[in-house]
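Visitor: As given, the protein sequences belong to chains A and B, one line each in that order. If you count by this note's numbering, then the first sequence holds residues 1 to 113, one letter each, in order. If you count by this note's numbering, then the second sequence holds residues 1001 to 1115, one letter each, in order.
Heads up, a few of these hints could be off.
To be verified - Now the stretches of chain B that chain A is said to cover, found in silico as 3 or more residues with beta-carbon under 8 angstroms:
hint	segment
1	1042-1048
2	1104-1114
Unchecked claim - SDA-like mimics (lysine to any residue), calculated; alpha carbons at most 20 angstroms apart, straight line:
hint	chain 1	residue 1	chain 2	residue 2
3	B	Lys1058	A	Asp100
4	A	Lys57	B	Ala1001
5	A	Lys57	B	Gly1095
6	B	Lys1022	A	Gln3
7	B	Lys1077	B	Tyr1039
Stated by the list, open to error - Using C-beta positions, here's what the derived DEER-type ranges look like:
hint	chain 1	residue 1	chain 2	residue 2	range
8	B	Gly1016	A	Ile77	41 to 51 angstroms
9	A	Ile12	B	Thr1020	36 to 46 angstroms
10	B	Ser1060	A	Val52	44 to 54 angstroms
11	B	Ser1060	A	Pro96	17 to 27 angstroms
12	A	Glu62	B	Gly1053	35 to 45 angstroms
13	A	Arg109	B	Gly1016	29 to 39 angstroms
14	A	Arg9	B	Ala1014	12 to 22 angstroms
Simulated from the structure, these hints should not be mistaken for lab results. Please read all numbers here as calculations on a predicted model, not as lab measurements. Using N, Cα and C, we set each Cβ at its ideal position, and we do this for glycine too.
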Amino acid sequence: EAQVTQNPRYLITVTGKKLTVTCSQNMNHEYMSWYRQDPGLGLRQIYYSMNVEVTDKGDVPEGYKVSRKEKRNFPLILESPSPNQTSLYFCASSSPGLQDTQYFGPGTRLTVL
Amino acid sequence: AQSVAQPEDQVNVAEGNPLTVKCTYSVSGNPYLFWYVQYPNRGLQFLLKYITGDNLVKGSYGFEAEFNKSQTSFHLKKPSALVSDSALYFCAVRGTSGGSYIPTFGRGTSLIVHP
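Same shape as in the complex, but just chain B:
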């Protein structure tokens, strides 16, 4: 079975400061890892993904994520937060060994960026 943990329900950061949203996972085989963002009253939008290759993945809106195989983590980062980054962020994973080809999502982390 595959699973995702987002240990923080909410992350607060001041505008201009770096932000990190944490994600750890458990899968069979190598992981495909994803981050999605949900703005109020909207569906989820794809931000970035790790499939293979460089452990640092760059995505939309200046976000990046680092894949750490030994720690089974895929934390989302941004060097300088904007108020407009305030949203709900979901980490997702699916394994490449057996089982469903549909990713499993975490519970989500609410990011609040204060002016």
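So that you can see chain A by itself, here it is in the shape it has in the complex:
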């Protein structure tokens, strides 16, 4: 089944404790991206990747890192999480051949205490 998977789905952590949210897609898509969803602010792009080893900042990249060493994986790293990073995070993938229709993962709800 074609899908985007994220892990973990739920995470409660404390300020400053490094964490990684994994994202994997099995559709051989070139493009991958991370979004955060907050009430009243909608979906905001954190980082995106056009292909392996090619990443760029989105609208709200501060406090986040990403890497794209393999085409299927695009982990989101929070080196020192803070409470303002408490949010619902979505990974998405797409392909120019699909005219950029995005496939979203199920989301990761992160709480930073």
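Put chain B on the given structure of chain A with help from the hints.
Guide: Only chain B this time, still in chain A's reference frame:
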């Protein structure tokens, strides 16, 4: 820079009545336009898109959207709303002239269909 505006945080409609969820955009070049739906505790699902051609685009679950270049709008419509259509709807756009190939999303509009 590309941007999307969804002017209504919430739209209320009675079951069986037509519904419209509004979206306007700003991009460089010609737009690729998308609508996505998010049901509670779920990720976003693709509904429909406009790339080129006929201005009226038909999508999943009986939804359609009309591309209006002069008004830079891409409103989502459905002739007869169902209670099960209640969800959060996102409009997205990306331009075809320079910049990112990843779409920009609006803030979302909560659609509530009353029985």
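Visitor: Work down the list of hints and note, for each, if the structure agrees.
Guide: So, going through the hints one by one against the coordinates:
1. 1042-1048: holds (count 5)
2. 1104-1114: holds (count 5)
3. B/Lys1058 <-> A/Asp100: 17 angstroms, holds
4. A/Lys57 <-> B/Ala1001: Judged against 20 angstroms, a Cα distance of about 14 angstroms means the pair holds.
5. A/Lys57 <-> B/Gly1095: 17 angstroms, holds
6. B/Lys1022 <-> A/Gln3: 29 angstroms, violated
7. B/Lys1077 <-> B/Tyr1039: 18 angstroms, holds
8. B/Gly1016 <-> A/Ile77: 41 to 51 angstroms: Roughly 49 angstroms apart at Cβ, these two residues keep to the hinted range, so it holds.
9. A/Ile12 <-> B/Thr1020: 36 to 46 angstroms: 40 angstroms, holds
10. B/Ser1060 <-> A/Val52: 44 to 54 angstroms: 32 angstroms, violated
11. B/Ser1060 <-> A/Pro96: 17 to 27 angstroms: 22 angstroms, holds
12. A/Glu62 <-> B/Gly1053: 35 to 45 angstroms: 40 angstroms, holds
13. A/Arg109 <-> B/Gly1016: 29 to 39 angstroms: 35 angstroms, holds
14. A/Arg9 <-> B/Ala1014: 12 to 22 angstroms: Given range 12 to 22 angstroms: violated, Cβ gap about 35 angstroms.
In the structure shown, a violation is registered for the earlier hints numbered 6, 10, 14, in ascending order.
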